[in-house]
Amino acid sequence: MIRSISQILSKRYMIEKYLHFLHRITGIYMVVFLYMHVILASFRIDKAIWCILNTAFSNPVMLSFVVAAIFHGINGLRLILTELGYMVGKPTLPIFPYKASSIGRQQKVAIIIVLILFFILSAIAFIEFI
Amino acid sequence: MRESTLWLFDIIAAIILVITVLIHIFPFSTLISGIGIKEAVGINGIIERGKSLTYLVTYIIFLAAISYHPFYRLRLMLIEYFGGNSVREKIISIGCLIAAIILLVLGLYATIVLYLQ
Amino acid sequence: MSKEIMEVTFRIQRFDPAKDRYPYFREYRVPVRRGMTVLEALIYIKENLDATLSFRYSCRSAVCGSCGMLINGVQRLACATQILELNTDVIEVAPMPNYPVIKDLIVDLTRLFETHRKVKPFLIRKDIKEQEEPTKEYYQTWKDIVDRILQFTYCIKCGMCLSACPTVGYDKEYLGPVALTQAFRYIADTRDEGANERIKVVDSPHGCWNCHFAASCSEVCPKGVDPALAIQLLKKVIIKRKLGLKI
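Chains as they are written, first to last, in my numbering: chain A, 1 to 130; chain B, 1 to 117; chain C, 1 to 247.
By construction, these hints were calculated from the structure, which means they are not laboratory data.
Note that beta-carbon positions come from the ideal geometry of N, C-alpha and C, so glycine has one too.
Watch out, some of these pointers could steer you wrong.
Partial selection, computed: residues in chain C whose CB lies under 8 Å from chain A [as the list claims (entries may be wrong)]:
1) 63
2) 64
3) 99
4) 148
5) 216
6) 229
7) 233
8) 236
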């Protein structure tokens, strides 16, 4: 496992490998957080505890949760489309130099859209924070 | 159940999650909903929103999706890292199922108590 | 033979299980001519500098798939990599990751062949009589071949895709890009009738659902086979069959 992680971080591969890694990390982070959030929320019903706890956007920890959720959600939508067979091109006759269509233009455009949406929405989240 | 059926449910849960998470965050953001944070998050705001039927139905769907998707993916990931042995795989599957049920129960408790208040 | 342009240092990972405990790097300086490939440099090292260096090669023209190695951090075929195109003075050569190392740059490709065997990579047909006593060929149009399977038949089983795949690294039972691509190649073949058997192998806990589209397999493939495309199309075929839609 460690060797695969060091291979991923060796900065030589294309962006899809890093997006996969980030997707996984944000996913694990959110599962841990989710449990804490639901446990806290189910105790919030009591008004006395309420005053102590913080809200979504004025708490930096919750902000990191929201940013992770934004990345995971938008990248996840791209992955759903890809795994259902859209945005990957079709089988063609391979002629040198081989251009793999699954990492071709359609996929790169989708990734740029994902990154732009991520930056816009997390900018909105940051503004809420401040 | 075949792996592909579980995966199909997971994709549907993921799409439902995107929509319901946005609905969940919606009242807490000043920019989008225009309500001040203190009013929306204060206990009165939550109780007020919690009483409506649409809130209850939305949150039940939200809870169903959020107790399926993360734990299915967690199970898939743990089987990748620690699987191979069918006993270990069974333990991982059952562990994730129990964690998902606990989350569902806690969430349902919170929502229903809020509805009935 | 063009004249020598420069000298390049090769840092090669060496490991002899009979003598060494851990792998180590050894450096060699090789005179480089224009047009020289990494494989030629390795052969020069073996002939002139260090005869104990071991590596696999055969066709030296990128069709046999024997010389896959990690060159400067990315999997490449040694015979198809020009030294001067790498644009650096130090070239690091190591055996492909995700496989056990037998010696120096030679890896054990058993996993590649075992997983490939599991998906039944041959045509399966139900008409036994025609198979035993053939009367004519199975008719396929050019479109049937090119639009569905041709690209995936070009696989040379070099093993670099399994080496680049992160899931192959974490999951010891994962089928891998070669097996999944060949499963799709046979399922999509219009002559084949064994889709159900292959889908049963592929639609399992360590099958195609563990592919998370890191797409490194397609990136390193030397023949443009694009295994990532085949795997996503395979998922699409399985879902469509499940929902009862036409493939």
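Structure-based check of all given hints:
Against a cut-off of 8 Å between C-beta atoms, the interface hint on residue 63/C is violated, since the closest Cβ of chain A lies about 12 Å away. A distance limit of 8 Å between C-beta atoms decides the matter here; for residue 64/C the minimum to chain A is near 17 Å, and the interface restraint is violated. Hint status for residue 99/C: violated, given a least beta-carbon distance of 11 Å to chain A, over 8 Å. Evaluation of the residue 148/C hint against chain A yields a held restraint, the C-beta minimum of about 6 Å falling below 8 Å.
Because the smallest distance between the Cβ of residue 216/C and any Cβ of chain A comes to about 5 Å, under 8 Å, the interface hint for this residue holds. For residue 229/C, the interface hint holds, since its Cβ comes within 8 Å of a Cβ in chain A; the closest pair sits about 4 Å apart. Given the 8 Å rule on beta carbons, the hint for residue 233/C holds: about 6 Å separates it from the nearest Cβ of chain A. The restraint placing residue 236/C at the interface with chain A holds, with a minimum CB-CB distance near 3 Å, inside the 8 Å limit.
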